[in-house]
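Chains R and U supply the protein sequences, listed in that same order.
Numbering-wise, the first sequence is residues 0 to 326 according to numbering that gives the first Met the number 0.
Numbering-wise, the second sequence is residues 0 to 324 according to numbering that gives the first Met the number 0.
Careful: at least some of the hints might be erroneous.
[Said to hold, decoys possible] Pair by pair, the computed Cβ-Cβ distance ranges are:
id, chain 1, residue 1, chain 2, residue 2, range
1, U, 322, R, 326, 56 to 62 Å
2, R, 247, U, 36, 32 to 38 Å
3, R, 178, U, 324, 30 to 36 Å
4, U, 322, R, 181, 29 to 35 Å
[Said to hold, decoys possible] Taking lysine-lysine pairs in the DSBU-like style, the calculated list, with each CA pair at most 35 Å apart, reads:
id, chain 1, residue 1, chain 2, residue 2
5, U, 320, R, 109
6, U, 139, R, 158
7, R, 313, R, 198
8, R, 158, U, 320
9, R, 252, R, 198
10, U, 36, R, 109
11, R, 264, R, 225
12, U, 139, R, 109
13, U, 135, R, 109
14, R, 109, U, 266
15, U, 282, U, 222
16, U, 320, R, 264
17, U, 139, U, 267
18, U, 188, U, 267
19, R, 252, R, 109
Read the hints as simulated data drawn from the structure, not as lab findings.
Bear in mind that the values here come from a model prediction, so they are computed numbers and not experimental data.
Even glycine gets a Cβ: it sits at the ideal position worked out from N, Cα and C.
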Amino acid sequence: MPMMSYIDAVTTALREEMERDERVFILGEDVGKRGGVFRATAGLYEQFGEARVLDTPLTESAIVGVAIGAAAYGMRPVAEIQFADFIFPATNQIISEAAKLYYRSNGTWKCPLVIRAPYGGGVHGALYHSQSVEKIFAGVPGLQIVMPSTPYDVKGLLKSAIRSDNPILFFEHKRCYRLIKDEVPQEDYTIPIGKADLKREGSDVTVITYGLPVHLTLEAAKDLEKEGISTHVLDLRTLVPLDREAVVEAAVKTGKVLVIHEDNKTGGFGGEVVATIAEEALFDLDAPIQRLCGPDVPAMPYNPILEKEFMLNKDKIANAIRELAEF
Amino acid sequence: MHRQRGLTDEQVVEMYRYMLLARKLDERLWLLNRAGKIPFTISCQGQEGIQVGAAFALDREKDWICPYYRDLALVLAFGQTVRDNMLAAFAKAEDPNSGGRQMPGHYGDTRYRILSGSSPVTTQVLHAVGIAYAGKLEQKDFVVLTSCGEGSSNQGDWHEACNFAGVHQLPVVFMVENNQYAISVPLEKQVAGENIAARANGYGFPGIQVDGNDPLAVYQAVKEAVDRARSGNGPTLIEAITYRLLPHSSDDDDRSYRSNEEVEMAKKKDGLLVFRNYLLENKLWTEQQDQELLAQIMEEINEATAYAEAAPHPNPTDLYKHVYV
Chain R
0 MPMMSYIDAV
10 TTALREEMER
20 DERVFILGED
30 VGKRGGVFRA
40 TAGLYEQFGE
50 ARVLDTPLTE
60 SAIVGVAIGA
70 AAYGMRPVAE
80 IQFADFIFPA
90 TNQIISEAAK
100 LYYRSNGTWK
110 CPLVIRAPYG
120 GGVHGALYHS
130 QSVEKIFAGV
140 PGLQIVMPST
150 PYDVKGLLKS
160 AIRSDNPILF
170 FEHKRCYRLI
180 KDEVPQEDYT
190 IPIGKADLKR
200 EGSDVTVITY
210 GLPVHLTLEA
220 AKDLEKEGIS
230 THVLDLRTLV
240 PLDREAVVEA
250 AVKTGKVLVI
260 HEDNKTGGFG
270 GEVVATIAEE
280 ALFDLDAPIQ
290 RLCGPDVPAM
300 PYNPILEKEF
310 MLNKDKIANA
320 IRELAEF
Chain U
0 MHRQRGLTDE
10 QVVEMYRYML
20 LARKLDERLW
30 LLNRAGKIPF
40 TISCQGQEGI
50 QVGAAFALDR
60 EKDWICPYYR
70 DLALVLAFGQ
80 TVRDNMLAAF
90 AKAEDPNSGG
100 RQMPGHYGDT
110 RYRILSGSSP
120 VTTQVLHAVG
130 IAYAGKLEQK
140 DFVVLTSCGE
150 GSSNQGDWHE
160 ACNFAGVHQL
170 PVVFMVENNQ
180 YAISVPLEKQ
190 VAGENIAARA
200 NGYGFPGIQV
210 DGNDPLAVYQ
220 AVKEAVDRAR
230 SGNGPTLIEA
240 ITYRLLPHSS
250 DDDDRSYRSN
260 EEVEMAKKKD
270 GLLVFRNYLL
280 ENKLWTEQQD
290 QELLAQIMEE
300 INEATAYAEA
310 APHPNPTDLY
320 KHVYV
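The shape of chain U in the complex, shown without the other chains (with noise of 0.2 Å):
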């Protein structure tokens, strides 16, 4: 199936590499957190085969991402190290993102053209859209991809981002990854009509539903979405539907608005075991593989804790640095 989609077999065991990546150290950061060693964390559990799947989809040597706080296995799949995010989770000097400024989750690394992002949400989809237009300027010929969750589409930013895209054909992907809730408020007491993939009817350009657990199907539907862009053909949006594993960030307690029988059913979807399944099953992967992968990515994850931990905090002068060029 993955290669009538135009992925070899490597590809694809790379994309859940990133994905196992990703789901372990999300769970590290929460066991930080419990551990009281992190003030705070936030979760992308269940989103990460959207994610790898958009960026599989993107040219990761020129195109430029403009993330949300969910975008964990988006930034790694990017370039961004696991010892770079715990930096950031430890709010170290080093920390490439932001020095330790901002919270973690609040990804920016000009190495890679991922736009610093703020916590305002759907901000930066106007930046990626701001980004576009410089390209067309130049006459290059990147990509910008950026992503929100449902509920931040509701968002003016958003509205005037896409239709600001749609008057001028610009060569952005707009990917919400709709997770069902926005922290406590569920997708039907936030968005009306249809869906959330309708809408682009409004802005002159296609709208697509993918399913967000299934990593192959966001490849493909991100891939026409970038080559349609690519060829001047303008913006798409896509609406990759999947379920939030955990609660909304570390200071959330989701039983007070959701159920365990509902969460529970989720994880039986969790698009990293289907897409292990899918490996397995066509003979990619082996459990020993996995085994193997598993090791390998917790020593990772064990020497960017201790590096993390132990690196030095900003002097306190670092805080009038950086005001104004």
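Bound-form chain R, shown alone (with noise of 0.2 Å):
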């Protein structure tokens, strides 16, 4: 199996779902002949003409309210939002639109849409290139939102996503893009969408978790295995819907809860993810649920120590666990 990067992962899903369904089209700033400043669609333009891969005024809200009309009609529109820090002027379009578009027609509407999304801090991004959104779409049904954190399951996912009759968001942590690689099939496979994947076993303490801290709460999982601590470890990958089952699961494993994202605190899909431990395996809980997250300040730093200061890492998780699992 050839290795992959996180972003290859995502160029690829892409190329092999507008190869198979002529339906696909993608649509953003710079998708087209530059292939997007992240380089996501590289080479689809020369693949698939500009007409399918639209390179659209500076417009958010037009790109994804053209890309709603599109998906009523039929189409299968993936668009593209830069950074998902610029998301906000196309949230009228994504909360009343997209996500109301089937309920409010009793069924006979459709918005077959994927947001795509670049998401996340640790690039020296600053305020407006490093934040999580997640937390503001998750409280709306009626969209979906799926969080990889590895190339194997972007290709698997974004597949699904695009497939699926529902309005997706796809968040991509910017930081994984070119970080992160693994093996990934040549060939066609989806991943179902609201599984979440057991990425470690382990019997002292439960990391719940989605995104870049997957990866760092295995590295630091590695570290805490020299010093006898054992860490069971939960990707969520989608956060809607989300693997109530996976997580009650998991939580009952130890009996002892870390939950951890870069999203702010307050608000946070953590607290959803708490709730439903509380609500479901209270008494199987051998100390609090810990939550470990971004913390409430309004955003990321450009200063390298403040940026830093607001970041995760591998020792920061490591602490966490460590006095979880002395509790």
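Hints are included, so try docking the two chains, each in its own frame, into the full complex.
This is how it looks when you write it as structure tokens:
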């Protein structure tokens, strides 16, 4: 199996789906000739032409609104928002339109739309190129939210998202783009949306997370193993729908749960995970559930010291696991 | 005059029938609201001529519409029935627009290529552009007409849609039904610049102002726009000027922001009356035919009212359906 980077898995999934289904087309800023500012759509303009790899005017609401119209007609648009931080001008289209079209039409109009957006920090992106935005949308029924951590999952989940008849937000951690590589099969495969993935079996502490912190946690777990602490790691992969069964099973496994995400703590998706465990597995717990999250400051500063202070890393995660193990 | 514009005598009579049908249905909805039978209604009164003129300029077998909440006459001319709309007014399960989920006036019907709309204004204008782009990708020759009020033409989505369609020369007709008021705020406090049609200059396509009380003039303007769009020459903006004869909705009281004299003056130019007189003067229509048509329409409305009132509500568990496919 070839080794593939996270971003190459994005491109591969897009290319294969565009080859498979003529209704799939891409629209966004700089996605065409330039192949995307991160190069996620590199080579697609050359292969499929400008009509199917459409450079739009600099208008996020139009990118999503036009995609919704095309999706309602029966196409399968994949809209790229260049940075998740810039998705907000399109929020009305996402929340009032994409999320509600199927419901408000009593199941007669569908919205098979994927919105891809790079999110997350650690790339010197400062306040407006580093944000995690999933909590803004996680409480909006009608939307699904996919946040893969590995190239293997990116390919399988992006294909599933494109083939789905639901509007899906596909958030890609931009720090993973070139940092994370793994083996990705050349053949066509899909991963079901709504299934978490157990990354590591352990017996002392359960970590439930998604995106970049999956990798940081696995590194921390390796170190902690030497100290005799065994960590159980669940990658949610999909926030909505949440794999509640896997969450509860993972929590019960060790009775000590740490929920980790880069998004801010207050209102972050971790609260939903914690509530699920509290509702369904409280008496199986041996310690109060802990959260390790981005701090409640408006956004991630440009200054490297401040950026580092905001970002999660292996040591912060190891400390949190250690504290919980010792409880 | 209508023959010069390419409309037959039968077609103009049919246009009048739709205008009268919409007016009488609209009046009934107000009556039902005031009688406490339905919680809400929003009106098309005064704008029927714009909507029917536009509908007749489109190919009602293949073109698409992304309407707004005042387009009752437009959706009737596109195929919806009085019963469909009465079911929506009573929010019954059988309502084809939304199964009783949306407020009345939120049209959507896959049978007639009427895209479902929402309440935040002007979102549908971008959807129209998306449908047109999809048609271009599939090399279809349909046209998309989308409409909104003059207040809505200030929204960012409206500008983004016009610009996008202009860049890609898409087959879209942007129709602004300028009824002088955005709820209570008059045109001069809504729209800067010469007029709305003039904004088209900035998007690189024609902008046409037309008398919205004259369905034949609207027909001609939209027909030219549709022909332009269908032959690959891009979008057109049409500003149809009229007057909103009633309050914004059944929850509004327009006496607090405009004078009775102003409204009475506008009623004299009501497109429905003007068009009726045109038919009578040109011997295309008689008083007797008018009475017969009215009786027929009232019977249809009475039947639909009784049907919709008696129709079953959704089940409580229907609340949970159609969140995801």
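Verification of the supplied hints:
no.	hint	in the structure
1	U:322 to R:326: 56 to 62 Å	violated, 39 Å
2	R:247 to U:36: 32 to 38 Å	violated, 49 Å
3	R:178 to U:324: 30 to 36 Å	holds, 35 Å
4	U:322 to R:181: 29 to 35 Å	holds, 34 Å
5	U:320 to R:109	holds, 13 Å
6	U:139 to R:158	holds, 27 Å
7	R:313 to R:198	holds, 16 Å
8	R:158 to U:320	holds, 26 Å
9	R:252 to R:198	holds, 14 Å
10	U:36 to R:109	holds, 32 Å
11	R:264 to R:225	holds, 30 Å
12	U:139 to R:109	holds, 20 Å
13	U:135 to R:109	holds, 20 Å
14	R:109 to U:266	violated, 41 Å
15	U:282 to U:222	holds, 25 Å
16	U:320 to R:264	holds, 32 Å
17	U:139 to U:267	violated, 43 Å
18	U:188 to U:267	holds, 25 Å
19	R:252 to R:109	violated, 40 Å
The structure fails hints 1, 2, 14, 17, 19 (numbered hints given earlier, in ascending order).
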